[in-house]
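Enquirer: For reference, each letter of the sequence shown is one residue, going 1 to 46 in UniProt numbering.
The set of hints was computed from the structure by calculation and includes no laboratory data. It cannot be assumed that every hint is accurate.
Each pair of labels, with its calculated beta carbon distance range [claimed, not checked]:
#: 1; residue 1: 40; residue 2: 5; range: 30 to 38 Å
#: 2; residue 1: 43; residue 2: 21; range: 19 to 27 Å
#: 3; residue 1: 7; residue 2: 43; range: 24 to 32 Å
#: 4; residue 1: 43; residue 2: 15; range: 37 to 45 Å
#: 5; residue 1: 44; residue 2: 10; range: 29 to 37 Å
The C-beta atom is built at its ideal place from N, Cα and C for all residues, glycine as well.
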Amino acid sequence: MSLSSSGTRFYIMGVVATCFAVNNLVVLHRLGPKPKVLDDGLKSVL
Numbered sequence: 001m002s003l004s005s006s007g008t009r010f011y012i013m014g015v016v017a018t019c020f021a022v023n024n025l026v027v028l029h030r031l032g033p034k035p036k037v038l039d040d041g042l043k044s045v046l
């Protein structure tokens, strides 16, 4: 029981950390200098 609980908690923390990392990268990309090719690629994806 405790092993399953800690495993689930670790998994959720990993997912949350990944979401924060992705959000930070998106914010930094929008605020920072944008290479033209990278910006065009991002626009085509989004």
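Enquirer: All the hints need checking, so say for each whether the structure fits it.
Expert: Here is how each hint holds up against the structure:
1. 40 - 5: 30 to 38 Å: Once the Cβ atoms are compared, 46 Å apart, the range 30 to 38 Å for residue 5 and residue 40 is violated.
2. 43 - 21: 19 to 27 Å: Holds, at about 21 Å.
3. 7 - 43: 24 to 32 Å: Given range 24 to 32 Å: violated, Cβ gap about 39 Å.
4. 43 - 15: 37 to 45 Å: 27 Å, violated
5. 44 - 10: 29 to 37 Å: The hint (29 to 37 Å, Cβ to Cβ) holds, given that residue 44 and residue 10 are roughly 35 Å apart.
The structure fails hints 1, 3 and 4 (numbered hints given earlier, in ascending order).
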